[in-house]
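Using the sequences provided together with the hints, build the complete structure.
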Amino acid sequence: MSTIDQSANGTQLKWPASKHSSRIYFRRDRVWKWASNIALVIMAFIMVAPFFWLVSSSLKSQIEIFQSPPVWIPERLHFENYTRALTIKPFGLYLVNTLKIVILNVVAVVLSSSFAAYGFARLNFPGRDFWFGIVMATLFLPYAILIVPSFMIFTRLGWVDSIAPLTVPLFFGGGAFNIFLLRQFFRTIPEELSDAARIDGCSEFGIYWRIIMPLSKPALVTVALFTFLNAWNDLLGPIIYLRSPNNFTVAVGLSSFRSTLDVSWDLQLAATTAVTLPIIVLFFFSQRYFIRGIVMTGLKG
Amino acid sequence: MATSSISKTSKIRLTPTMRRTIVGYIFISPFILGFIFWFLIPALASVYLTFQRWNLISPPTFVGFDNIERLFSDPLLGQSLKATILFTAFSVPLNMALGFFLAILINRTFRGIAIFRTLFYIPSIVPAIATALLWAWMFNTEFGLVNILITAFGGPKIPWLQSTTWAIPAFVLLSLWGAGSSMIIFLAGLQGIPDIYYEAAEIDGAGPWAKLRHVTLPVMSPIIFFNLVLGLIGAFQSFTIVYLITSGTGGPENATLFLVLYIYRTAFRNMNMGYAATVSWVLFFILMILSGIVFRYLGRRVYYEHEAE
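Top line first, the protein sequences correspond to chains A and B. Those letters in the first sequence? Residues 290 to 590, per my numbering, in order. Those letters in the second sequence? Residues 508 to 816, per my numbering, in order.
It is worth saying that the hints were derived from the structure and are not from the lab. The reader is advised that the hints may include incorrect statements.
[As the list claims (entries may be wrong)] Stretch-level coverage of chain B by chain A, calculated; a stretch enters the list once three of its residues show a Cβ under 8 Å from a Cβ in chain A:
| id | segment |
| --- | --- |
| 1 | 530 to 544 |
| 2 | 637 to 645 |
| 3 | 650 to 660 |
| 4 | 745 to 751 |
| 5 | 761 to 771 |
| 6 | 791 to 805 |
[Claimed, not checked] Partial chain A-side listing against chain B, Cβ under 8 Å, derived:
| id | residue |
| --- | --- |
| 7 | Ser325 |
| 8 | Ile354 |
| 9 | Ser357 |
| 10 | Tyr407 |
| 11 | Leu412 |
| 12 | Val424 |
| 13 | Phe429 |
| 14 | Ile434 |
| 15 | Ser439 |
| 16 | Phe546 |
| 17 | Phe572 |
| 18 | Gln576 |
[What the hints assert, rightly or not] Here are some of the chain B residues that sit facing chain A, going by a computed Cβ distance under 7 Å:
| id | residue |
| --- | --- |
| 19 | Arg527 |
| 20 | Pro549 |
| 21 | Ala552 |
| 22 | Ser553 |
| 23 | Leu612 |
| 24 | Phe623 |
| 25 | Val633 |
| 26 | Pro634 |
| 27 | Ile740 |
| 28 | Ser754 |
| 29 | Ala774 |
| 30 | Met780 |
| 31 | Ala784 |
Every residue gets a Cβ at the ideal spot worked out from N, C-alpha and C, and that includes glycine.
What follows is the structure, encoded as structure tokens:
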């Protein structure tokens, strides 16, 4: 690997003056490369250690979990921790409730934010920049000031104890960050494509739906994944708006584990592993799009 | 739906400018409506609530400036501000430094780099509820991994989550585990730097350190700035993890009573919506001032590659 790099560099260097100095820099580069390789491995260990500890603890017996010196790999894998942890509460029902919210959120955000982003990115009309300024302002405003008054409004609307407060607002714009991200992406698509479609008599809505959307898959997947994660992880919204246990989400169900002392550590950790796994699997499947989506939008002003 | 309204309007012979305006506003109308319904109206309602006492059960009553006066004699608010500021002051810079460091480490191409990228990023997509339960266990005084490692190197057992001194450092450490989210944004920026810049620097005799100092950092400054502002806003509003780990108490002895947790507790545990709205405004003004300072002193130093269009 490194020999290939070296020869490639060698053929590129055409400045005779740098012959001497390039050797010094080559040596320095190698030290640099090794130092960063070692740092890479150390950091990987630090980042992964908690996961290892989580999974290992979740498969321990009650006795092993409190042993010192610690048991790194349990003698017998106690998979029954998982079945016990996930039957303390009706997690099947919680999962269905969570998925309802998550799916509605993803649909709402992808459609709504791309629609608005198209207006901001590809159309020119008076007032556009003013409204885009508002988008950016809401991005930087703290959501916390809205917690209490939103609750008041949703109480008036009679939406408390339903999923409406957690889903309906997202159909209106889908969040400033998402609009911003998609606008940046849409702007990179050549204008000639839209012009060609316009000449063929395509409406703006048609251009948005048939040309821009299909070309923006990486960015849309990124937005969808962010939305999925936010909805799946959200706790503040559900604990404020969902009152009856029949409506609880997985996060709300799990949150009571910490406060009730009768749920032992091995079961808490088994449940923790169980909610983490689907996210990691989902990430593995979408990461190719995801990282590309972020890299291509560039997130620059 | 939108198409039909466009064709209807075009029958009445509009000038091209008017047409474009109408079409444009149709596209951004969901955002405008959302802004009015879920932003403007709640913000006004929040101003209204500042002057009310309301416990959700009986109708709100006007109390004048009572809520605002209470801000100045509320020891819990002081404690809450202290905890929030302390956490933000350490977690944001450390997070950014670690995120930047990781981004530089993985901004190379060799086989297997994708695995490292994924490993570094995954902690920041782990559900907050899982992060909380996991780290509550990691910080367990007797059996947690953190203390096992510390004692292995001869250190003392630290009562992380039980001591008022160590609780904030524990949350800062925990937040560093999520540095992957700033890493990914930095990585995006690093990949956008043209190779020519580095080649030019090399010709001038720049080593790795000089390249970092004189090429990478200046070009990345808009992204660093963006991450800093969003990081400040995010850290200032930390809620979920601390709510979960401390079971909503902000303990020990309110040492981790972050502002949003205090607002939540005031509103939904003590049923004092008016005062909760008032405390929210304190958070709002502090963040505005902080962002203002950041924009004023750092915004000018940001280097823009191409001037704004």
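Going down the list of hints, with the structure as the test:
1. 530 to 544: That given contact holds, which follows from 13 residues of the segment 530 to 544 of chain B lying within Cβ reach (below 8 Å) of chain A.
2. 637 to 645: Since 8 is at least three, the answer is holds.
3. 650 to 660: holds (count 3)
4. 745 to 751: Result for this restraint: holds, n = 4.
5. 761 to 771: Result for this restraint: holds, n = 4.
6. 791 to 805: holds (count 3)
7. Ser325: holds, 6 Å
8. Ile354: Holds - the Cβ of Ile354/A comes within 8 Å of chain B, reaching about 7 Å at its closest.
9. Ser357: holds, 7 Å
10. Tyr407: holds, 5 Å
11. Leu412: holds, 4 Å
12. Val424: This interface hint holds because 7 Å falls under the 8 Å limit.
13. Phe429: holds, 6 Å
14. Ile434: holds, 4 Å
15. Ser439: At 5 Å from the nearest chain B Cβ, Ser439/A passes the 8 Å test, so the hint holds.
16. Phe546: holds, 7 Å
17. Phe572: Result: holds, 6 Å to nearest chain B Cβ.
18. Gln576: For Gln576/A, the interface hint holds, since the closest Cβ of chain B sits about 6 Å away, which is under 8 Å.
19. Arg527: Holds - the Cβ of Arg527/B comes within 7 Å of chain A, reaching about 5 Å at its closest.
20. Pro549: holds, 4 Å
21. Ala552: Since the shortest Cβ distance to chain A is 4 Å, the answer is holds.
22. Ser553: holds, 4 Å
23. Leu612: holds, 5 Å
24. Phe623: holds, 6 Å
25. Val633: It holds, given that the least Cβ distance between Val633/B and chain A is near 5 Å, below 7 Å.
26. Pro634: holds, 5 Å
27. Ile740: holds, 6 Å
28. Ser754: Holds, about 4 Å.
29. Ala774: holds, 5 Å
30. Met780: holds, 5 Å
31. Ala784: holds, 5 Å
In summary, this structure violates none of the numbered hints.
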